[in-house]
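Respectively, the protein sequence lines represent chains R and S.
Here the first sequence stands for residues 1 to 128, numbered as in this note's numbering.
Here the second sequence stands for residues 1 to 128, numbered as in this note's numbering.
I should point out that these hints are in silico values taken from the structure, not numbers from a laboratory.
Check before you lean on any hint, since a few could be wrong.
No copy is singled out in the list; a pair is fine if it fits within one copy or between any two copies.
What the hints assert, rightly or not - Here are the simulated EDC-like cross-link-like pairs (lysine to aspartate or glutamate), alpha carbons at most 16 Å apart as the crow flies:
#1 K109 with D8
#2 K7 with D80
#3 K109 with E74
#4 K109 with D3
If you're wondering where the values come from, they're calculated on a predicted model, not measured in any experiment.
2 protein chains.
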Amino acid sequence: MSDTYLKDVNFNSDGLVAAIAQDAATGRILMMAWMNREALTRTIALGEAVYFSRSRQKLWHKGESSGHTQKVSEIRLDCDGDLLCLQVDQAGGIACHTGRESCLYRVFKDGQWQTVDPVLKNPEDIYS
Amino acid sequence: MSDTYLKDVNFNSDGLVAAIAQDAATGRILMMAWMNREALTRTIALGEAVYFSRSRQKLWHKGESSGHTQKVSEIRLDCDGDLLCLQVDQAGGIACHTGRESCLYRVFKDGQWQTVDPVLKNPEDIYS
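Only chain R is shown next, with the shape it has when bound in the complex:
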């Protein structure tokens, strides 16, 4: 496949573009991570989300250690090319390393961030 599509993506000065994963069934936003060119190319080829870990500075096939892979059914690009949105089927129903469905589990209320979503699985059991 031609990689012309990569030219439409505005990778930043670190060679990265933001990628949101949205649950294809519920519409819930699960997480945001980053992709470099190789991560996007691999995501398309594999049909599962592959990000670039900024902390580990390497490709990160989401779920490689937890089993919580993300099957990708659609990828969208925004108007200025610096945001990707993935429609995903989240294996295990858990996207967050804390064992929650979504990384967005804190709601602003009464002047502070309040945790409103339950831990579905103990992280120690996820990564053991």
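Position chain S against the provided structure of chain R, taking the given hints into account.
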């Protein structure tokens, strides 16, 4: 109100945090923009989305010129504090400067990005 909640937000080296606006009624992701401390504080105070424009390097009350304001009903913060998600009521049903509902109007298909969403209003009419 105490600004303790700002300490939980991991603003990057430019003092910014990514913010996604999601349509509260449909779940559709409308756009991503950036906020600095003042933008987040004003968003909370005003109940409408206020971002920080990186290109213009100033606060940007979304809709100030287009009328397409975003009434905010919920703000969430992710696990590592570097992503905000706003549930919004999008005035005019148009978030994108191209006159489309969402900035994410291009879908990856057959090796390229294909525009799949209609222009609802001519941008020249929006910004005139």
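Consistency of the hints with the structure:
For the identical chains of this complex, K109 and D8 are inter-copy neighbours only, at 14 Å across copies versus 39 Å inside a copy, given an alpha-carbon limit of 16 Å. Taking the shortest alpha-carbon separations for K7 and D80, only the intra-copy value of 12 Å comes in at or below 16 Å, while the best inter-copy value is 30 Å. Proximity of K109 to E74 under the C-alpha cut-off of 16 Å is restricted to the inter-copy arrangement: shortest distance 9 Å between copies versus 33 Å within a copy. Proximity of K109 to D3 under the C-alpha cut-off of 16 Å is restricted to the inter-copy arrangement: shortest distance 13 Å between copies versus 45 Å within a copy.
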